[in-house]
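J.: Respectively, the protein sequence lines represent chains C and G. Heads up: the first sequence begins at 1 in this note's numbering, then just goes up one per residue. Heads up: the second sequence begins at 1001 in this note's numbering, then just goes up one per residue.
In short, the hints are calculated from the structure, not lab data. Some clues are possibly wrong.
Using C-beta positions, here's what the derived DEER-type ranges look like [stated by the list, open to error]:
hint : chain 1 : residue 1 : chain 2 : residue 2 : range
1    : G       : Arg1103   : C       : Gly198    : 27 to 35 Å
2    : C       : Tyr58     : G       : Glu1007   : 53 to 61 Å
3    : C       : Ser18     : G       : Pro1190   : 18 to 26 Å
Partial list, derived from the structure: chain G residues whose beta carbon lies under 8 Å from chain C [claimed, not checked]:
hint : residue
4    : Ile1006
5    : Ala1009
6    : Leu1013
7    : Val1028
8    : Leu1030
9    : Leu1047
10   : Ser1113
11   : Pro1118
12   : Val1120
13   : Leu1139
14   : Pro1140
15   : Leu1223
16   : Pro1239
17   : Trp1242
18   : Val1244
All C-beta atoms in this analysis are idealised placements derived from N, C-alpha and C, irrespective of residue type, glycine included.
Listed here are the chains, written in short residue letters.
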Amino acid sequence: MRTAHPLHTRRDILLLISPAAAYLVLFSVFPLVYSLGISFFDWSPTTSSFTFVGLDNYAMLARDAVFWQAAVNTGILVVASIAIQVVLGTALALFFDLHLRGSWFVRGVLILPMLLTPVVVGLMWRALLNPDWGMVNWLLGELGLPKPLWTADPKLALVTLVLVDSWQWTPFIMVIVFARLQALPRDVFEASAVDGAGRIATLRQVTLPLLAPAIAFAAVFRSIDAFRSFDVVFGLTYGGPGRLTTTLSFYAWETGFSFTRYGYASAISYVMVIVATVAFMVLAARLALRRADAR
Amino acid sequence: MITRRIERAFAYLLLVLIGIIGFAPFVVILLLSTKARIEILQVPPTLDFDIDQIVSNYRNVLIDRGFLGYTLNSIVVTTLTVIVALLVATPAAYAFSRIPFRRRDGWANTVLSLRFMPAVAVAIPILLMMRFLDLDDTLPGLVIPYVAFSLPLVIWILIGFFDEIPRELDDAAMVDGCSRFRVLTSVMLPLVRPGLIVSSIFAAIFIWNEFLVGMYIVNSQSLKTIPLGAAGLISAQRPIDWNVAATVGVVTIIPIFVFSLFVQRYIVRGITAGAVK
């Protein structure tokens, strides 16, 4: 058969894949290699310094308190956001699985935050959470509850960031888990009910284990995105107060864009590239697992 | 029976509450966008509207602050990027789905991994590259990197959609003497249309909101996209005029809102295509 001819297939592959491959190598892979290169230089266009310093930038990072604070902030943001979003998102999916009248509409409303420009989301919540005239504190006051300072309170600033991120992204987990729920065979639940298992027992022993792969996938996917958080920080807190909400992305951006220290900024972001790559390998393993399941 | 009813009532109450938490922020922002600067301090905001004030706020944002132009830039950049990304990604996704080659899954994963790279790591090299090409501070200077950012996800989504089309169709067409390329353009394209729609939507959302790399590339006011314009409100030196900021919020949210009404089922399909199957 003509189609099975190896040469023919080879030419097809080249013809079909090479535009995408060339594009990605040129504008995705090359910039990544380029920035690794820059990270070995002391380079700033404003002071027009340009010296090869080897690993000095990385050594400086290890001693940079702001870098460590940003790393810790980013870690807390990722862990806390994903924990909240997984629990709430799964709970919401189970809730929508009751198929109450009108719940399709509420589900539709919940899709919206995911589509919004994150800078604007940050800005919007900055208004809603304003201690003096924000609607959130007005509501809390009416209910007789304490009125926090939110982004201005050093103890609460990072928590506020976590909450805003969760408002925007909990629906993402909800959508994935809900879709998985709809795809589950109903007779499993019925069998469990016939066996006399209560609702809680069914949830713990049947439903959640069946949902686990979808939840894990969604959680890893969201973690990598939360790890890169920049826009919401920019809009909501601008990294402050002090450095309390500075994420790694924000610090790298500030170093490169505002202070034009290209070498140091590249070193910060390269640490991120390495972490993201490792995290992606976890995700890829999950993907492979899923593909094996599907077969 | 009674407990069931109470449960049900409680569930509906919860449903309403969830709806409110999801939607109320938009209503508040809409309300704030109708106020004068000083009226922002009044909580809760009153419901009497002054048409002149509303007109003045929106004229200020759309015309004086240039958001009409920013929206236009966003539309141009997003449209161009999506078109180029689809042209480049579709043949590649088709090959990944159909033609076996060595380490195919590994390569597909490598492509996807690029979607998760932190944008901040490539922003400086991309600025330098665009400067080298004399494209910094131009709209093509935004489109070129945005295509690169969109490709991994677009390819990934499209592979999934191609996989769902039976291979017998390819074989039949090729027995009839069609080349691979002809099979793709005449047989596959109409069938993979939902995939093209879903992946365009995701690319479009991403590009519409992209902001970090945009800040590096674009300096001119006249070339800013919506997120760059919105970020311009935030500066450490000046306090923010919140009625203006709220108006900017509404102006940026409304196109997304309208968009989501039309594409919602595709969005759900796209998110779940990655996760369940």
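J.: Against each hint, give a clear statement of whether it holds in the structure.
T.: These are the hints, each one checked on the structure:
no.	hint	result
1	Arg1103/G with Gly198/C: 27 to 35 Å	violated (49 Å)
2	Tyr58/C with Glu1007/G: 53 to 61 Å	holds (58 Å)
3	Ser18/C with Pro1190/G: 18 to 26 Å	holds (25 Å)
4	Ile1006	violated (15 Å)
5	Ala1009	violated (11 Å)
6	Leu1013	violated (11 Å)
7	Val1028	holds (5 Å)
8	Leu1030	violated (11 Å)
9	Leu1047	violated (14 Å)
10	Ser1113	holds (5 Å)
11	Pro1118	holds (4 Å)
12	Val1120	holds (4 Å)
13	Leu1139	violated (16 Å)
14	Pro1140	violated (12 Å)
15	Leu1223	violated (17 Å)
16	Pro1239	violated (11 Å)
17	Trp1242	holds (6 Å)
18	Val1244	violated (11 Å)
When held up to the earlier numbered hints, the structure conflicts with 1, 4, 5, 6, 8, 9, 13, 14, 15, 16 and 18 and fits the remainder.
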